[in-house]
Amino acid sequence: MVTFFKRALTSPAGRACLALILVLALGVIFNADGAFLKFGTHRDTLRQSSVLGILACGMTMVIITGGIDLAVGSILAVSAVSFSLLTIHMDWPWWLAVCACLFLGSCLGGISGALVSRAKLQPFIATLAMMTFARGLAKYITGGQKISTYLTMPDGQVVIKDLPQIFKSIDSRILGGNLSIVSVIFFVCIAAAWIFLARHKWGREIYSVGGNEEAARLSGVPVRMTKFLAYAFSGLMCAVAGIAQAAQETQGDPEAGDKYELTAIAMVVIGGTSISGGGRGSMGLTLLGVLTIGYLQKILSINAVPEAGRLMITGIIIVFAVLTQKRRTK
Amino acid sequence: MRAISRILPCVLAIGALSAAGAAAQAKWTIGMSQCSLEEPWRVQMNADIKAEADKHPEIKMVFKDAQNDTLVQRSHVEEFVSAKIDLLIISPKEAQPLAEPVSKAMAAGIPVIVLDRDIIGENYTQFIGADNLKIGKAAGDWLVKNYKGKKATIVELMGLQTSTPGQDRHNGFLNAIKGSDLNVIFRADCKWLEPDARKEMESALARYKKIDIVYGHNDPSAHGAYLAAKAVGREKEMVFIGIDSLPQEGVVYVKQGILTATFQYPTGGDVAILEALKILAGQKVEKRIVLGSRLFTAANVASGGEALK
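If you're matching them up, the sequences are chains A and B in order.
The first sequence finishes on residue 331 if you use this note's numbering, and the numbering steps up by one all the way, no holes.
The second sequence finishes on residue 1444 if you use this note's numbering, and the numbering steps up by one all the way, no holes.
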């Protein structure tokens, strides 16, 4: 028994599980008159974490290559406003609008990737620039206003449009109301990312680039292309997250996703993916990190903990979670 | 070649500026220093100013957006002073650091209208703003009047509690419901953000079987709460009220039957231009104007709301 626990705790996944179990234990202790033990609470937690979780999928790829992507929140906003504009205001069919947004997101992510891999900019700087640019782009597209079903015509007339069916569909639930579509989208994203990372040639190349870039180059790994694709994939995930965000808000807000990059990074790091490169990490770990942060936010929320307390507790938990991840050296 | 490439843009810029100057026949130039355009409410303020100014061909507006940075706004005021504009409208980010630049503008003979947020000291021509404490109280009074001694539970989704508007909308409301049978059972700081409000509301719904009233410190918060309640089929058992009444947000939500009531927090943009014209014409104006609020409900939204005393 003891050896089982010892072995479990020496693997990164075991330690990430430990952090999640500790947070869940907090939830059981501070269960807010039983609210935490209701099924609906867990369904909502999963839905609330989904948008951030989708961002964390792309972020994991980028972090394993030894980079960072600060632009995820801003690209999410570009996608959210474009999707709302195309479907609500311009009446595009939903599949075409989805494709256009996914393409746009991948392009913006790809530009970050090109800046990192071709122009050799530091990932922090390249994506910081993209974060600023994309936020500006989102505001430019919308003129600074939210894109909602309320429309002012050029002649000053006001029209209130119907919310497109795709918004309602994404924000609905299946399996008798027990699973949100947004969560299904998150699972599809993380499964796709997991398959790429763990089973595909490109995934192995991502690990080798993150582990030792020079060695990867010498052994014939297309380093530039691998990095470029990691950022483009992150951009794609941002676009998916943006569509999910717009559907849940029933509008496109150019300020959406502000500071989401920090939460997404925290989720990846708490899972145990190493931010200092070294090519360590996995999607499974990220899933645990997403759940840890998601549950923590939910527990603080149902107990109506005041803002100041929430921030301090979240900070402390992040430190503890990352400390449990630290490889113990004898 | 290099010198030319440096000089050429300057020449072009000067040319463009003088052409613009020749085209404008406005008698007066009014500078508008906006602290931030990140909130829709401030975008609306600029739109209100522009709409009113467009009705008066004798004035020309110049807008500057400080992007939520006090020092940038300070330099904008200084730029306006050195450009010798005829009147300055400022919606300051902070009370203390902008008092000095504003008094310098006054010293340079430029009248100043301070809009929405006050500055320290009295060295300006006029202050125009609404009173959040009063609006919060109006929301509370309205509920007390409508529930007439019936017991009711309230979820309060607060605006950023480190900001004065957030604190005032909270305290004004609390004063109004004190001693009544209305009880706040759940409150959270949603920082004016709709996604946050939706999350907090989901927690409140999970925890409490009976919620009668949702009070959002702004309309998007109330809307987010509505979406949360609708997702679990409980939107019919409670009423949602909000503050701000922007034409494209709160007023539309009332029209759609999402909000039961919204209390307007006026931008004062139109009033500022009308007062500016008085000042420019040499008339005496009041030192402080406190804008009145309006209440929008399903009954009166078509006729443009009802003025609150």
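These are computed hints drawn from the structure, not numbers from a lab.
Glycine included, every Cβ here is placed at the ideal spot set by N, Cα and C.
Hints are supplied without guarantee of correctness; some may be wrong.
Label pairs and their computed distance ranges (CB to CB) [as the list claims (entries may be wrong)]:
{"id": "1", "chain 1": "B", "residue 1": "Asp1266", "chain 2": "A", "residue 2": "Ala193", "range": "33 to 41 Å"}
{"id": "2", "chain 1": "B", "residue 1": "Glu1257", "chain 2": "A", "residue 2": "Met154", "range": "39 to 47 Å"}
{"id": "3", "chain 1": "A", "residue 1": "Ala26", "chain 2": "B", "residue 2": "Asn1203", "range": "54 to 62 Å"}
{"id": "4", "chain 1": "A", "residue 1": "Glu308", "chain 2": "B", "residue 2": "Pro1192", "range": "42 to 50 Å"}
When the hints from earlier in the document are held up against this structure, which numbers fail? 1, 3
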